[in-house]
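As given, the protein sequences belong to chains A and B, one line each in that order.
So the first sequence is numbered by the working numbering: it starts at 572 and just counts up by one.
So the second sequence is numbered by the working numbering: it starts at 267 and just counts up by one.
Source of the hints: derived by calculation from the structure; they are not laboratory data.
Check each hint, because a few of them may be wrong.
[Unchecked claim] Derived Cβ-Cβ restraints for the label pairs, each shown as a range: (1) R814(A) x A594(B): 43 to 53 Å; (2) D268(B) x L758(A): 55 to 65 Å; (3) E317(B) x G735(A): 48 to 58 Å; (4) E621(A) x K438(B): 53 to 63 Å; (5) G735(A) x A435(B): 21 to 31 Å.
We put the CB at the ideal spot given by N, CA and C, even for glycine.
Chain by chain, the residues:
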Amino acid sequence: MNIVIPIKQVPETSNVKMDEETGTMKRDGVESIINPLDLYAIETGIQIKEEYGGTITVITMGPPSADKSLKEAIAMGCDDGILLSGREFAGSDTWATSYALSEAIRAIGEFDLILAGERATDGDTGQVGPGIASWLDLTLSTYTSKVVDIKDKSVIVERMVEDGYEKLQLPLPALLTVVKEISFPRLPTLRGKQRSRKVEIPQWNLSNLKMKEDFLGLNGSPTRVVNIDHPKVTRGGTVIDVRNDASIEKAVSQLIDYLKSKELV
Amino acid sequence: MDYKGVWTLGEARNGELKEVSFELLSRGRKLADKLDEELVSLILGDEITEEQAEELIKRGADKVLLLNDPALKDFIVENYSNVITDLIEKYKPEIILAAATTMGRTVMPYLAIKTKTGLTADCTDLDIEEDTGNLLQTRPAIGGNILATIKTPNHRPQMATVRPHSTKAAQKDESRSGEIVHLELDKSLLDGRVKKLGFRKNEEDAINIQDADVIAAGGKGLKKGENFAMIRELAGFFDGAVGASRDAVDRDWISYPYQVGLSGKTVTPKLYFAVGISGAIQHLAGMKTSENIIAVNEDLGADIFKVADFGIVGDLFEIIPELNKQLAEEVSK
Ligand SMILES: Cc1cc2nc3c(=O)[nH]c(=O)nc-3n(C[C@H](O)[C@H](O)[C@H](O)COP(=O)(O)OP(=O)(O)OC[C@H]3O[C@@H](n4cnc5c(N)ncnc54)[C@H](O)[C@@H]3O)c2cc1C
Ligand SMILES: Nc1ncnc2c1ncn2[C@@H]1O[C@H](COP(=O)(O)O)[C@@H](O)[C@H]1O
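All chains should be modelled from the sequences, with the hints used to inform the complete structure.
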């Protein structure tokens, strides 16, 4: 089983604080991490490799410093990394991103499975995974919550939909986007870390990879961001403190009055 | 560009039209009126009835493109994408809206590549730009911390998925009439690679939280799984659903399909109770567009109070039983 895993480097947002005055994110000292949802794809890939053998290539499109994420994935147990990096990719939307990644994946050669995260925590579109499948004409399962079996040149999966789980059989090569339920990501090992330091990460771009230039970056992107607004988080609702007196009954009846005023009870 | 008309992609399941189909029609009606163009509801399935097609018209469509075929019973993205790509080439719609459901979020990106056009995910607001007639698509990004407005100036169709419950469903207007076009499936468009082997329904609390009008959610403050009983009781008064923070899910107090937030589900109910939930940014990302938010937490400094319309600071183990008691009295009145 040869597996390719596209991963994205994103700003670490768990400690992000909002500036109440301006409604903007305080970005100072915000670190870059592997998109947390991609860790589930990496873990799933490693488990498949442990059972069926093969190699795992992680690939990311991003700034040169994104090689740190690739090394981290290698430290967890992936084999190789490819960094897609260059000015020509700047300003890519999901259409151009999935094009560039699909051309790079084509150039890697033979593969059986692509595993992507369900969505990235910054862009939060969930469009790049299905987009790559579409470019490469692969069979696709989104919201994959379980890899049931791999046999007869196909993968059997469960995918999570609104009211339950669908079981699908997809002939390989296939692309799966995975949800958190699929696995529990392991930590990098010491040996993995040592290995990751030695692995050479090639950098690919227009200079060494054949791609349609007018499909790349801002030029190749059908969508344009025309405005950014910062919604204020605060709603300024009623808050009643019942910690130090016995007014719970009254506070709850005020809550019920509120619900009645909104015609909710 | 000779692209005309606004399309919405209807959804049906187990013989019933999904509510999101009507929400898309209320979005689409507004856009079609501004453009002075036709609103078309496209729906694929295997046994969608004439009455259901009529209902789409009563709720705002001028035309229904109806494609029934046993091969389209199940949503298989490769088939749906081929069929819709073919229809786009034939009819050339200017705008296509789908719901940001597991179906819409799967077929639309696959389709956007095939038809070489842009797609904006999970929009909460849509409008038409005055001078150009371009679709303005607004969506939250970076965990809901910003609202980005996006357009697709030079490609057609303009495509967007729309967050469920971000607008009201269009109401029925019995006086409306329109045209129902019965399409035939061109079998050569069937992909045939992927097979559906089965389906397993969610077990506990059968209701899907993204469809619920009311959600009562519990967090780590509940202390243990059994205490979700009082959250279930609370939800029960409203025929609502139960939700949870990630910390509650990670402790196995409730399963993952009930997780609300960045790595769980995004919900927009009319009423959301957050009980013993601190309001971490990743939790807020999944629920802060709810219409009414009620918070119960013993820590006045908890961020959940910033987004609450009504909050009670105190011990949930005293407050929730009292709330359930008073609600029971209301119900019996
Ligand atoms: C990449 C990433 C993705 C994430 N995705 C999600 C997500 O999808 N959903 C999500 O929810 N979280 C998510 N998180 C986790 C998130 O950061 C928080 O850790 C989590 O939401 C906290 O859950 P909680 O509010 O239940 O627990 P806590 O933060 O521990 O809050 C418990 C609250 O209960 C209150 N409390 C305790 N006892 C009582 C009592 N007796 N009466 C009243 N109040 C009481 C406390 O004051 C406290 O505010 C994510 C984190 C990361 C890094
Ligand atoms: N720049 C990128 N480089 C590599 N993989 C990416 C990139 N952007 C998105 N992906 C993959 O696509 C998934 C969905 O991302 P998104 O569509 O941006 O929400 C991610 O979880 C990654 O697996």
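Hints and how they fare:
1. R814(A) x A594(B): 43 to 53 Å: With Cβ atoms ~25 Å apart, the hint is violated.
2. D268(B) x L758(A): 55 to 65 Å: Once the Cβ atoms are compared, 56 Å apart, the range 55 to 65 Å for L758(A) and D268(B) holds.
3. E317(B) x G735(A): 48 to 58 Å: About 26 Å separates the Cβ atoms of E317(B) and G735(A), which means 48 to 58 Å is violated.
4. E621(A) x K438(B): 53 to 63 Å: Since E621(A) and K438(B) have Cβ atoms about 56 Å apart, the given range 53 to 63 Å holds.
5. G735(A) x A435(B): 21 to 31 Å: Given a distance of about 23 Å, which is inside 21 to 31 Å, the answer is holds.
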